[in-house]
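Let the hints inform the model, and build the full structure from the sequences given.
My numbering puts the first residue of the sequence shown at 13, with every later residue one more than the last.
Treat the hints with care, since some could be wrong.
Only pairs whose alpha carbons sit at most 27 Å apart, straight line, appear in this in silico DSSO-like list of lysine-lysine [unchecked claim]:
1. Lys115 x Lys152
2. Lys169 x Lys115
3. Lys95 x Lys152
4. Lys152 x Lys123
5. Lys95 x Lys236
Estimated spans, in silico, between C-beta atoms of each pair [stated by the list, open to error]:
6. Glu202 x Asp127: 29 to 39 Å
7. Pro85 x Ser106: 14 to 24 Å
8. Thr197 x Asn219: 33 to 43 Å
9. Thr197 x Lys152: 17 to 27 Å
10. Tyr84 x Gly155: 30 to 40 Å
To be clear, the hints were calculated from the coordinates, so they are not data collected in a lab.
Think of the CB as a built atom: it goes at the ideal place given N, C-alpha and C, for glycine as much as any other residue.
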Amino acid sequence: MLNKPYLKPLCLIVCLLFLFSCTPGCTQQKSSGGNMYASTEQSPSNAELFPQTDNSQGDSERQEAESENYIYPPSLDLGARFKYDDPSQQNTISVYFDEIMEKSSYSAKGKYDTDYETYVPRSGYTFIFIGATATNVAHKGEGVYYQVQTPQTGQFKLLYKGREYDPNTGITVITGHGDAYQQKTLDRYESNSGWLVFEVPLPFNYNNARVTLDLEGSNDPLWKLVVS
Numbered sequence: 013m014l015n016k017p018y019l020k021p022l023c024l025i026v027c028l029l030f031l032f033s034c035t036p037g038c039t040q041q042k043s044s045g046g047n048m049y050a051s052t053e054q055s056p057s058n059a060e061l062f063p064q065t066d067n068s069q070g071d072s073e074r075q076e077a078e079s080e081n082y083i084y085p086p087s088l089d090l091g092a093r094f095k096y097d098d099p100s101q102q103n104t105i106s107v108y109f110d111e112i113m114e115k116s117s118y119s120a121k122g123k124y125d126t127d128y129e130t131y132v133p134r135s136g137y138t139f140i141f142i143g144a145t146a147t148n149v150a151h152k153g154e155g156v157y158y159q160v161q162t163p164q165t166g167q168f169k170l171l172y173k174g175r176e177y178d179p180n181t182g183i184t185v186i187t188g189h190g191d192a193y194q195q196k197t198l199d200r201y202e203s204n205s206g207w208l209v210f211e212v213p214l215p216f217n218y219n220n221a222r223v224t225l226d227l228e229g230s231n232d233p234l235w236k237l238v239v240s
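Spelled out as structure tokens, the structure:
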């Protein structure tokens with residue numbers, strides 16, 4: 013083979029031209045490959061990049077706390093009568109509750125006022141009306157006392173989730189609903205009926221509530237606010 017020194021530079025030039033001509037194609041191919049990756053793979057979402065605490069368990073626990081039934085001593089059903097003797101031990105009084113309603117406001121007359129006042133609950137509260145009836149049901153023994161005094165309004169309490177609520181003791185007549193419950197003197201077989209009005213928190217779960225009569229003893233009766 014003939015020795016041609018000029019061929020070496022020529023080959024070198026050809027190789028360089030070939031490499032330069034391939035470089036754009038290779039770059040384009042890499043770029044195209046990058047676009048293909050972008051179109052088939054999704055970028056991580058904000059939720060993946062910044063995970064948030066799952067509150068569903070906490071919400072569930074709060075809902076369970078709302079619906080959880082509190083444990084009370086044995087309680088009478090709504091409408092059941094509780095009987096006890098008056099202080100003289102000569103007469104028997106019965107007490108029961110027969111109606112419940114919920115109101116966002118009411119108008120009532122005070123004991124010493126001629127005008128009616130409108131009552132609005134505090135924020136996050138509502139009013140529960142409970143119809144109470146006390147009756148002088150019987151006379152016992154040879155005693156001469158036939159009259160009884162029914163319980164005072166303040167002797168009734170509403171129990172709810174470990175707290176005690178007092179009724180409004182300063183009203184006599186409620187607009188559109190009749191008499192508020194008040195203490196009265198009753199002859200034999202007479203009855204005294206009226207509404208007890210309590211301000212209670214929302215949401216109010218009737219299963220977790222009881223109404224009681226404070227007789228200053230260890231066996232004060234309890235009533236459910238729902239029918240079993």
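Going through the hints against the structure:
1. Lys115 x Lys152: 41 Å, violated
2. Lys169 x Lys115: 18 Å, holds
3. Lys95 x Lys152: Status holds; Cα separation ~13 Å.
4. Lys152 x Lys123: At roughly 34 Å apart (the allowed maximum being 27 Å), Lys123 and Lys152 break the hint.
5. Lys95 x Lys236: 17 Å, holds
6. Glu202 x Asp127: 29 to 39 Å: 30 Å, holds
7. Pro85 x Ser106: 14 to 24 Å: Holds: the Cβ-Cβ distance is about 20 Å, inside 14 to 24 Å.
8. Thr197 x Asn219: 33 to 43 Å: Once the Cβ atoms are compared, 36 Å apart, the range 33 to 43 Å for Asn219 and Thr197 holds.
9. Thr197 x Lys152: 17 to 27 Å: 18 Å, holds
10. Tyr84 x Gly155: 30 to 40 Å: 36 Å, holds
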